[in-house]
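Chemist: Assemble chains B, C, D, E, F, G and H onto chain A, guided by the hints.
8 protein chains.
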Amino acid sequence: MKEDNLKKLLEQVKDGGLTVEEACRELKDLPFKDMGFANVDNHRELRTGFPEVIYCQGKTHEQIRDIMTELVKSGGNIMATRATKGDYDLVKKQLPQAEFFETARIIAVIQGTGIKLKTVAVVTAGTADIPVAEEAAVTAEILGNEVSRIYDVGVAGIHRLLSKIDKIREADVVIVVAGMEGALASVVGGLVDVPVIAVPTSIGYGANLGGVSALLSMLNSCANGVGVVNIDNGFGAAYLASVINKGKSSQKDED
Amino acid sequence: MKEDNLKKLLEQVKDGGLTVEEACRELKDLPFKDMGFANVDNHRELRTGFPEVIYCQGKTHEQIRDIMTELVKSGGNIMATRATKGDYDLVKKQLPQAEFFETARIIAVIQGTGIKLKTVAVVTAGTADIPVAEEAAVTAEILGNEVSRIYDVGVAGIHRLLSKIDKIREADVVIVVAGMEGALASVVGGLVDVPVIAVPTSIGYGANLGGVSALLSMLNSCANGVGVVNIDNGFGAAYLASVINKGKSSQKDED
Amino acid sequence: MKEDNLKKLLEQVKDGGLTVEEACRELKDLPFKDMGFANVDNHRELRTGFPEVIYCQGKTHEQIRDIMTELVKSGGNIMATRATKGDYDLVKKQLPQAEFFETARIIAVIQGTGIKLKTVAVVTAGTADIPVAEEAAVTAEILGNEVSRIYDVGVAGIHRLLSKIDKIREADVVIVVAGMEGALASVVGGLVDVPVIAVPTSIGYGANLGGVSALLSMLNSCANGVGVVNIDNGFGAAYLASVINKGKSSQKDED
Amino acid sequence: MKEDNLKKLLEQVKDGGLTVEEACRELKDLPFKDMGFANVDNHRELRTGFPEVIYCQGKTHEQIRDIMTELVKSGGNIMATRATKGDYDLVKKQLPQAEFFETARIIAVIQGTGIKLKTVAVVTAGTADIPVAEEAAVTAEILGNEVSRIYDVGVAGIHRLLSKIDKIREADVVIVVAGMEGALASVVGGLVDVPVIAVPTSIGYGANLGGVSALLSMLNSCANGVGVVNIDNGFGAAYLASVINKGKSSQKDED
Amino acid sequence: MKEDNLKKLLEQVKDGGLTVEEACRELKDLPFKDMGFANVDNHRELRTGFPEVIYCQGKTHEQIRDIMTELVKSGGNIMATRATKGDYDLVKKQLPQAEFFETARIIAVIQGTGIKLKTVAVVTAGTADIPVAEEAAVTAEILGNEVSRIYDVGVAGIHRLLSKIDKIREADVVIVVAGMEGALASVVGGLVDVPVIAVPTSIGYGANLGGVSALLSMLNSCANGVGVVNIDNGFGAAYLASVINKGKSSQKDED
Amino acid sequence: MKEDNLKKLLEQVKDGGLTVEEACRELKDLPFKDMGFANVDNHRELRTGFPEVIYCQGKTHEQIRDIMTELVKSGGNIMATRATKGDYDLVKKQLPQAEFFETARIIAVIQGTGIKLKTVAVVTAGTADIPVAEEAAVTAEILGNEVSRIYDVGVAGIHRLLSKIDKIREADVVIVVAGMEGALASVVGGLVDVPVIAVPTSIGYGANLGGVSALLSMLNSCANGVGVVNIDNGFGAAYLASVINKGKSSQKDED
Amino acid sequence: MKEDNLKKLLEQVKDGGLTVEEACRELKDLPFKDMGFANVDNHRELRTGFPEVIYCQGKTHEQIRDIMTELVKSGGNIMATRATKGDYDLVKKQLPQAEFFETARIIAVIQGTGIKLKTVAVVTAGTADIPVAEEAAVTAEILGNEVSRIYDVGVAGIHRLLSKIDKIREADVVIVVAGMEGALASVVGGLVDVPVIAVPTSIGYGANLGGVSALLSMLNSCANGVGVVNIDNGFGAAYLASVINKGKSSQKDED
Amino acid sequence: MKEDNLKKLLEQVKDGGLTVEEACRELKDLPFKDMGFANVDNHRELRTGFPEVIYCQGKTHEQIRDIMTELVKSGGNIMATRATKGDYDLVKKQLPQAEFFETARIIAVIQGTGIKLKTVAVVTAGTADIPVAEEAAVTAEILGNEVSRIYDVGVAGIHRLLSKIDKIREADVVIVVAGMEGALASVVGGLVDVPVIAVPTSIGYGANLGGVSALLSMLNSCANGVGVVNIDNGFGAAYLASVINKGKSSQKDED
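Residue numbers (the numbering used here), protein chains in the order written: chain A, 8 to 262; chain B, 8 to 262; chain C, 8 to 262; chain D, 8 to 262; chain E, 8 to 262; chain F, 8 to 262; chain G, 8 to 262; chain H, 8 to 262.
Pulled out of the complex, with its shape left as it was, chain A reads as follows:
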């Protein structure tokens, strides 16, 4: 419930348009989402241009199509992650404007025309990390960031990384995507002065334990300024990067 509405209700009580009992019931019954903090939550998403996001895994083609169709009415960018070709085929029938980013496994309906103000560098250790990196890169683009991709610069050939370091340093946030031993996050973390978001991937074999090896490496990084997200969670990294790049909403309001 917005302050205006609250005032109006109280005016009605004062004016007798509402009995005390009626007002009491209304105030008591108001769902919490209407009491201020939840609405803010919704408005924030509209205001910041961050799209609603559908996590497709475990949902049927039909559910995904229906949710997208509903969300598209909001007029903002809509995206669905971990989508399959099958998901897309059905969505496209309903929403011909939907795009499919195959490597990133993302279906998107781009309706906003965000001015890209800040940059996210997405860096991978190997080529096998690219699907996770693309999930991050495409998400970051949809969420309004300029994205630069620097792929296959793992630490086993440190010169590959060093030759690209200037490009990486141009970013406002760096997302490091690495499997195996995940050492890239530490090395990049020591070379840049912006936030590094580390995404461990399940790439590797043997004792990589489905990505736990890279995850532990990144959590134990000897470099400062590194935050970690879940294994293979390219979307999560890009979302966090976008929140960082966006800055606090209230600041924007002051502009």
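Think of the hints as simulated: they come from the structure by calculation, not from any bench.
Treat each hint with caution, since some may be false.
List time: in silico DMTMM-like cross-link candidates among lysine to aspartate or glutamate, alpha-carbon distance up to 25 Å [stated by the list, open to error]: (1) E:Lys15 to H:Glu29; (2) H:Lys174 to B:Glu29; (3) H:Lys255 to G:Asp22; (4) G:Lys255 to H:Asp173; (5) G:Lys92 to E:Glu69; (6) D:Lys174 to F:Glu29; (7) G:Lys255 to H:Glu153; (8) B:Lys15 to G:Asp22; (9) A:Lys171 to H:Glu29; (10) H:Lys80 to F:Glu29; (11) F:Lys125 to F:Asp96; (12) H:Lys80 to H:Asp96; (13) C:Lys171 to B:Asp200.
A short list of chain C residues far from chain B (calculated; beta carbon distances all over 10 Å) [unchecked claim]: (14) Val60; (15) Asp73; (16) Glu77; (17) Thr91; (18) Lys123; (19) Tyr158; (20) Glu177; (21) Glu188; (22) Val194.
For glycine and all other residues, C-beta sits at the position ideal for the given N, C-alpha and C.
Modeler: Same frame as chain A, now just chains B, C, D, E, F, G and H:
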């Protein structure tokens, strides 16, 4: 090696003040830290006001004292984390201006007078998480942030958190410090639109596995915009928050 | 061996209808289930209306059909969990009255007409948790509870939960079904004053470790009044809820 | 904020005793705990006779003394778990009526005179499990339950358990406390028709992994009607048992 | 090299039939298996009637057929474990006398006519444990034991076990096969005075961790006289049981 | 209740000395331990000469003394494992005949004079495994076995083991005690034709994980005829060895 | 950038052929790989005859074909590991000289004619370890080593190993490939005086945990001179063996 | 038994000095260590100058002193690892020439005067890794290598490493000692063309899991030519490095 120095050297070659062989040797022998990227690294720290940080664990009282004495000459803020009272007693003899933040286990020499531009909220689930939270809070303050502390607002009594949510929302970055099941990170992550840095703590017993339980919770957070640091790593969280709040150096230069 | 039977046997000894040796042998050879405590066990199930339950995994279609056909003679409700469509197809040929709850993966033959006295609320964090939740909900209904379903109220949008809290509070037992970080159990546990049974699900990816992440969260819950069952064990949660709602049998007898 | 208070406020608005702005501010500024759901939370505790509980680990003697002194004013039963003799010595100076249950590691101030209506059986596998069992037993007593203790009836000598089973069956809830392989929970679960709360203990050595072995056993119990709490969490088990025995508050209101 | 052969060789040296150099070379070049301890090893197998065993997993149909064809020449019992129907189909073409124990996944050629002197009881907790139990039972039979099968007597209904205990007690060795929480090993271990070999199975779901839960239970058994083999290793348990039942070879020789 | 007693009771019913109601009550109320199987359990221990065993860890000096004093009355061998010097000092005051095996951490009162019929070989990989080995060796001796100790024959110098293999082969059961990688169990298992009981020890460092490394090795042993007990559980291995060596009780009865 | 080039550039500056600004830009913009250490890196591979290696997993047939086609121009040996028949079929169309080592899963184009100076022995515990062993053996051959294969000499029959030990001792480096309990590495490590590289394999079942059991064994080996590579990493072991056999490049240069 | 002895024995048989039966018994009873391969083992150590090594942990001061006193008679270098000051104090009384390397925790008696032919570089990520590094460095020196120490060049400041890379490249083997995320092994592995032995250390906190984090990183290293030893096992790394540097003994013999 700064560009100016490089130019000067080349001028000398041109002028004959340096033979080709002498210049060649000098260029070849230059430590990499002088070849541009490393100097930037050091200068960045001075420029951004980020202090050198000493991790005390595994170092002797004498080593800590000596490193601090050396670093203090730089004129910036100096801090040592995971410090004991014994560490401090020896440091203080040499550096009487050193302060000891006992709960945070930090020794600091504050020499800069940073204008605090942005805010970090440090939020804890319980009172037992406070030492880790204080490490984060004191670090964030030394690194130039305004800090607001919101302690003991764990999710078992969600109203405690909701009553403080406005204060938390005023921050530019939120650090959530929680042990046991670490659920606070998810709940806060769903209530704010700024980056959330989650710090799992080793607080708990039984199947908390020394903090792994909270760590896994935070990595699997159903809320977006959450990055995780290592168990009990209050310093790391504050450092990352500071990097986020500081923004990209080059941008500042443009201002 | 029921007390009546025992009396009859002893009467026969007294009357000479049975020699001491014959009676001795009969008493000695009685299987333990006939010596009182096992019969009680069986009678309890008939008396309390709790159906025999078949766990289908690892059983053939034929075995399931045969066991159900046998059990249906008891006249009570019969259910089979973790059943497939294939299991059902064969069962239905023999028992046309059998129903299939597809999402819950339960085949049931409802023969009792239990008066539903108490309520179980089944609450999920996300939509992907619904199959496990339906296993719990359908089980609870078959076992004689009124069930209210409150789905997709995960903590990342705490207002969703808070807007449903009154409905949840109407239940006598609350089952919380959640994957990922499983934080919902703690938050619900702090908001209700009835027993909370937490069911971790294997929903999630990366470091959720097949549900272990949610399991650890729930075991380490900072809220009191929470008991945990195995990962994805919706049936087990509903059974425990039913035992709680039923109360001690001897009490019932006193009514 | 209770409904009466809300009515009074609205009456004041109607009567002009409060301007719309004043009422608006008051409603908006009310901490959430005053908006209905939090007050209920507090009142529930007073009403149900459940004491406030202090978890001593990680708190100083002084903190424990001060919190107990504050809570004792409520007039209810007050208890502090995981307390040491040192904690108690300081508390006793301030609160001479405080009792110390040494094996249970609980300090309590008993101020209520609860009528004990229902029973909790606390069953242990071995003698080494007794401290955890006593934490459960004493907690259950303070929370208003009749408690029967059946100790050292582990499954390696199943007759010990069977000879006590009638006593166990008299309880409304059974708490099973067991370390090592934790098999007792399954066996008891198969012998009673009331809820079983299983508490794994860290008793054992070698591959018991600090209680994880018993924890896994209990979660995988082949018996139905078993809920599990954290390792060594006797308090948590007793609290859950008490919530079960108390039944839903609203029901009580109807009595 | 049997003692006889050694004697013969030395006789030849004595007689001049072999030069010292020739004998030296022969003795030096003898593979270690011919130097006494390895031959004993092979002879032991023939003497004790223990068949050569082929572990099929990872071998092709052809390899299995060829090895069996080779081994069958020894005249003893031959068995292949973890065999598929496909393995059997090819073997049968070559060795029409081969039998296939489908549930046990064993192909066998029975050529010996062992007098069954001692008994192995194979006990399972549930019906899903039967494939592993059959691997044990069939192996034990082929290795010359009388086998009694007692299936589905898990501890959740302890009376089922107690009603069969006399039959179990008749065995010389008891193999307990159980998944889930594996409690059956402890209960049986407390009821018999012969060796108990515990086989954890991977039966279960959720936190059973592929059988690790039952494995830990069995290792931490509170009953004495229990030895554990690997998860699902029915063959290994039966082999160990057979070694126990056979007794030391040298003893037999003394008879 | 022994058969004699049962007959007597039934005679009394026949004779009218007991009414049907009285006999009924007595039969129904008989504790299960009196119904045959539990008494057998106790008698078995007396008959087989196996001592009662006290596990000292978690018991006070006084408790240990009192239990030993009570058990000593049985006239059999009495032993207490994991005992400290402090435990012994108090026991000795009461029972001057008690002996203390310091390395084995066992207090024993030897009252029987068992004829040692069979042999247990206790083999260790290193010298650091000796305390666990001594626990096994002393236990085996007290339980009536001849024991041969073969220490420090780890596989890194396989010739050490091979030079002792004849002595090992003389035993009826072999206990292999090894930490680190625990390979000794596999090698010994391949060299003997009697049961091998493997005891992993917590000896080692780094990734030995408190003995889990050796435990896994032994469970995965490529040799047949190997059973495993818990980490550092020398007592358990010796108990199992003794049960094997003793053979089935009923057999003895036939002798 | 080689020293010659640097000199030339500086000469140009001296001569005026390059302005200071031009030289400055060129020096500053030089990729690190041109500054000496990266070029050396590339040259080393050509010089030492070590082929470029493609890890096929996660790459498409087309990518593999294209990379191989590119690399083959270098004139050295080219190999692709973890290749499938499908990968090979496409590669062969483009590069008819390509060979496929099916068991080793390696595609190779042999263009060099390396003189094989040193020997690598590849030893396996069982036949199921052979695919990993072949990956090692074929890699070692391509990288210029003489390879001797000693397969199926696991420690359960130690005489098999001892009969081959002389052949193993002829090698300059020994690669031990073993699954299950991985004991072979320790035994071999104790028998040879050359470096042993241990490769744990995922062969086994139950508690072998996908090779972790063998991995832990090998890391905890009681033998000295053993280094470990990742589970199933036959390629990595052979590469390390080759680096050892090759010796330091600079030494060779001095020869 | 050396070939000479074997010949002599056979001559005696030929000459009748030994009956066939006597020779047979002698050949059969010869301990395996006398049959050639074991003696070689001992001789190898004397010949290669590798000292006997005592692992002190779990041994008493007296045991260490006595073993050293015994070994010192061999005339070679003697060393004891994981030694304490207390160990040394007692050893020094008996062997005044013994030296104590405090940081390395090594007691040594240097009796040989090995010509240092090859070099081992010991590289650490941080200062806290130095004790493990010193164990490696001192061991390598005692075993006859030239050692260069490059400490505190962790990857968070990659320029520190790059500035030292020439020195590292001069070594014949590189030992990388690193805790936390252990990334240094991968980076160094990509920069050198000699064998890299990676030693994970237990340095770190939180999710480093006692060194398992660094261990997994190193096993999953994306660089080739890296072998791993156990956590904190500086000695093991140095021993392996020495075996590599020594080369095959037989080769040396040919020189």
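Chemist: Are the hints correct? Go through all of them and say.
Modeler: Here's how the hints hold up against the structure:
no. : hint                 : in the structure
1   : E:Lys15 to H:Glu29   : 14 Å, holds
2   : H:Lys174 to B:Glu29  : 22 Å, holds
3   : H:Lys255 to G:Asp22  : 56 Å, violated
4   : G:Lys255 to H:Asp173 : 13 Å, holds
5   : G:Lys92 to E:Glu69   : 21 Å, holds
6   : D:Lys174 to F:Glu29  : 22 Å, holds
7   : G:Lys255 to H:Glu153 : 15 Å, holds
8   : B:Lys15 to G:Asp22   : 17 Å, holds
9   : A:Lys171 to H:Glu29  : 79 Å, violated
10  : H:Lys80 to F:Glu29   : 86 Å, violated
11  : F:Lys125 to F:Asp96  : 33 Å, violated
12  : H:Lys80 to H:Asp96   : 20 Å, holds
13  : C:Lys171 to B:Asp200 : 24 Å, holds
14  : Val60                : 28 Å, holds
15  : Asp73                : 41 Å, holds
16  : Glu77                : 40 Å, holds
17  : Thr91                : 29 Å, holds
18  : Lys123               : 30 Å, holds
19  : Tyr158               : 14 Å, holds
20  : Glu177               : 19 Å, holds
21  : Glu188               : 4 Å, violated
22  : Val194               : 5 Å, violated
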